[in-house]
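Visitor: Given next are the chains, with one letter for each unit.
2 protein chains.
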Amino acid sequence: MKRTIYFKNKPIIVGAGSIAGPKESEGSIAKFIETKMQDDTFGEDSFEKAESKMLFNAIKTAIQHAKKQENEIDAIIAGDLLNQIISSTFAARNFRTGYLGVYNACATFSEALTVGATMIDGGYLKNVICATSSHFASAERQYRYPLELGCTRPPQAQWTVTGAGACVISSEGYGPKITASTIGKVVDFGVIDANNMGAAMAPAAMDTLFTHFNETGLTPSDYDLIITGDLGTLGSRIFKDLMWEKGFDIEKQHVDCGELIYNICESEYQGGSGAGCSALVFSSYIYKRLKEKKFKKIIMMATGALLSTVSTQQGESIPAIAHAVVVES
Amino acid sequence: MKRTIYFKNKPIIVGAGSIAGPKESEGSIAKFIETKMQDDTFGEDSFEKAESKMLFNAIKTAIQHAKKQENEIDAIIAGDLLNQIISSTFAARNFRTGYLGVYNACATFSEALTVGATMIDGGYLKNVICATSSHFASAERQYRYPLELGCTRPPQAQWTVTGAGACVISSEGYGPKITASTIGKVVDFGVIDANNMGAAMAPAAMDTLFTHFNETGLTPSDYDLIITGDLGTLGSRIFKDLMWEKGFDIEKQHVDCGELIYNICESEYQGGSGAGCSALVFSSYIYKRLKEKKFKKIIMMATGALLSTVSTQQGESIPAIAHAVVVES
Numbered sequence: 023m024k025r026t027i028y029f030k031n032k033p034i035i036v037g038a039g040s041i042a043g044p045k046e047s048e049g050s051i052a053k054f055i056e057t058k059m060q061d062d063t064f065g066e067d068s069f070e071k072a073e074s075k076m077l078f079n080a081i082k083t084a085i086q087h088a089k090k091q092e093n094e095i096d097a098i099i100a101g102d103l104l105n106q107i108i109s110s111t112f113a114a115r116n117f118r119t120g121y122l123g124v125y126n127a128c129a130t131f132s133e134a135l136t137v138g139a140t141m142i143d144g145g146y147l148k149n150v151i152c153a154t155s156s157h158f159a160s161a162e163r164q165y166r167y168p169l170e171l172g173c174t175r176p177p178q179a180q181w182t183v184t185g186a187g188a189c190v191i192s193s194e195g196y197g198p199k200i201t202a203s204t205i206g207k208v209v210d211f212g213v214i215d216a217n218n219m220g221a222a223m224a225p226a227a228m229d230t231l232f233t234h235f236n237e238t239g240l241t242p243s244d245y246d247l248i249i250t251g252d253l254g255t256l257g258s259r260i261f262k263d264l265m266w267e268k269g270f271d272i273e274k275q276h277v278d279c280g281e282l283i284y285n286i287c288e289s290e291y292q293g294g295s296g297a298g299c300s301a302l303v304f305s306s307y308i309y310k311r312l313k314e315k316k317f318k319k320i321i322m323m324a325t326g327a328l329l330s331t332v333s334t335q336q337g338e339s340i341p342a343i344a345h346a347v348v349v350e351s
Numbered sequence: 023m024k025r026t027i028y029f030k031n032k033p034i035i036v037g038a039g040s041i042a043g044p045k046e047s048e049g050s051i052a053k054f055i056e057t058k059m060q061d062d063t064f065g066e067d068s069f070e071k072a073e074s075k076m077l078f079n080a081i082k083t084a085i086q087h088a089k090k091q092e093n094e095i096d097a098i099i100a101g102d103l104l105n106q107i108i109s110s111t112f113a114a115r116n117f118r119t120g121y122l123g124v125y126n127a128c129a130t131f132s133e134a135l136t137v138g139a140t141m142i143d144g145g146y147l148k149n150v151i152c153a154t155s156s157h158f159a160s161a162e163r164q165y166r167y168p169l170e171l172g173c174t175r176p177p178q179a180q181w182t183v184t185g186a187g188a189c190v191i192s193s194e195g196y197g198p199k200i201t202a203s204t205i206g207k208v209v210d211f212g213v214i215d216a217n218n219m220g221a222a223m224a225p226a227a228m229d230t231l232f233t234h235f236n237e238t239g240l241t242p243s244d245y246d247l248i249i250t251g252d253l254g255t256l257g258s259r260i261f262k263d264l265m266w267e268k269g270f271d272i273e274k275q276h277v278d279c280g281e282l283i284y285n286i287c288e289s290e291y292q293g294g295s296g297a298g299c300s301a302l303v304f305s306s307y308i309y310k311r312l313k314e315k316k317f318k319k320i321i322m323m324a325t326g327a328l329l330s331t332v333s334t335q336q337g338e339s340i341p342a343i344a345h346a347v348v349v350e351s
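So the protein lines, in turn, are chains A and B. Just add 22 to the spot in the first sequence (first one is 1) and you have this note's numbering. Just add 22 to the spot in the second sequence (first one is 1) and you have this note's numbering.
Hints are computed from structural coordinates only; laboratory data are not their basis. Beta carbons are placed, not taken as given, at the ideal position from N, Cα and C, and that holds for glycine. Please note that the accuracy of each hint is not assured.
What the hints assert, rightly or not - Which residues of chain B face chain A? A partial, calculated answer using Cβ under 8 angstroms:
#1 Asp61
#2 Asn93
#3 Gly206
#4 Lys207
#5 Ile214
#6 Ala216
#7 Asn217
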């Protein structure tokens, strides 16, 4: 059994698109975001439709940015948090390309990049889109409570990011290259608090990074950044502790998209989360810094809590997963 | 843009596992099914847990049948109909392998085979599992009404199959080979009746098969069987009519897993449906007949209706998709 795969032909991320809600557009990565929404509905009559339109927008921006025509795209590989990943499906409906729906909760973005890079590296397709989204209001009413109820949130909670990110991966062109992936496995340390995603996901991030170091022989210092998706402040601390116990000090390299995205974490408690969190941060800030060669080599691990409202109600603990993607400038 | 990919190294399906509910175990493919459930709960205290256990059972059977050890499996690629594909996640939690969650509704099985074959063909992994499931009772209460309500069903409705199928795809070994895939695109002809999945999915099946013939230069007579996933009786008729309009007569080769699975369609109306439908029929009847070389070359198109209860309630029509996989004995 091995979980790390290498891409010999180094698929290229030739373009990226990003879109964010009003709150995220005021955060620390604001200046890197392509489209900033004026309000959460994005001109639609439901939050679900707004989310799908956001994903569509991010894909369109990525295609433009890659200087491609729509008919050059072979497939869209996308997923999101809504039941039956309808944001992705309804966004893909507007394109005439192939569509592969993927779902690993908030780890979906790096899963999509892994599948997409495989398709390109093996010469099966020429250009693919990898994209994910999330929306605070559609996630709240599906997973927790409708906003209108005004429920209070516990201190360990995170704030689902309203945002989407999309990347065009190609066999030819100029841009940062995907050189390897480590596929995550399902890890469950028995956390049952559905408001404490960070604690549930941290062991999965540790498992993937530890496996990555073991299988590749690399160490933290080989990376400029070790990026997690949405562990938040508490989850990040647990993650770093777990890595320390395994013999790796990642304090210098580690950054969490959820911790990073908002200026202050006061009203967002532990920071951002959601399938759009890592996609947005990667497709804006990280991607642009890689293109400028300010980062030379990074590893991005989107992290996902694989629960549903039904599994929680039936007393199940929260399984989690993290997929790692190595990107070099 | 192209949607058909070819697998030069011809990944091998070295083993398959199948499990079915009591009703499906009395159907036309009964003698090919490995595990027959005595009752729908499979010894669990919820239908959701039963479905996950079914998928676990199918994966276990496939691994045994492939004469592999669990630690030889690199990844499980799986999906199902439940929100956040919890059947797959909780089944994958029992294995120490990588996990990639996929979702294209009832088209998930051929999507998983496509992603899996790519991973094997390109030499990225050595052994992967592709698996999907569905369960009548868990699907009814999530998508429609709890069984306890005893709601009547309209005549165009289908019956979600209680069943699961799993295949082990390997780079080495003996068995039927996957030689090509045609990735589906999202097709929406504006059907809004969530009870009439066959009509919603037929145009997607047509689009994929027509694209497949166009891109490969093949014709219906090149195949022993042209298999659709779960169009049902009405959907199959529409599909054949649409193909006829495009200039292809597939009457002789076409068979639909949903039409095939039950002995009589009286109480199941248009026949079977669900992500487990094509997985179960393929992993039992089709796989065994391919192994015996009674079928030489088949094309399998699982078909999916990409709606959710929310998209239906918000007045959206039903987008659909079909992915095709070519398997040769």
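Visitor: Please go over all the hints and tell whether each is borne out by the structure.
Guide: Here's how the hints hold up against the structure:
Against a cut-off of 8 angstroms between C-beta atoms, the interface hint on Asp61 of chain B is violated, since the closest Cβ of chain A lies about 19 angstroms away. The beta carbon of Asn93 of chain B comes within 5 angstroms of a beta carbon in chain A, closer than 8 angstroms, and the hint placing it at the interface holds. Contact between Gly206 of chain B and chain A, as hinted, is supported at the beta carbon level, the nearest pair being about 6 angstroms apart and thus within 8 angstroms. Hint on Lys207 of chain B holds. Least Cβ distance to chain A is approximately 5 angstroms, under the 8 angstroms limit.
Taken as an interface hint, Ile214 of chain B does not check out: its beta carbon lies about 14 angstroms from the nearest beta carbon of chain A, beyond 8 angstroms. With its C-beta approaching chain A no nearer than about 12 angstroms, Ala216 of chain B sits outside the 8 angstroms limit, and its interface hint is violated. Interface restraint check: Asn217 of chain B against chain A, minimum CB-CB distance 16 angstroms, threshold 8 angstroms, status violated.
Of the numbered hints listed earlier, those contradicted by the structure are 1, 5, 6 and 7.
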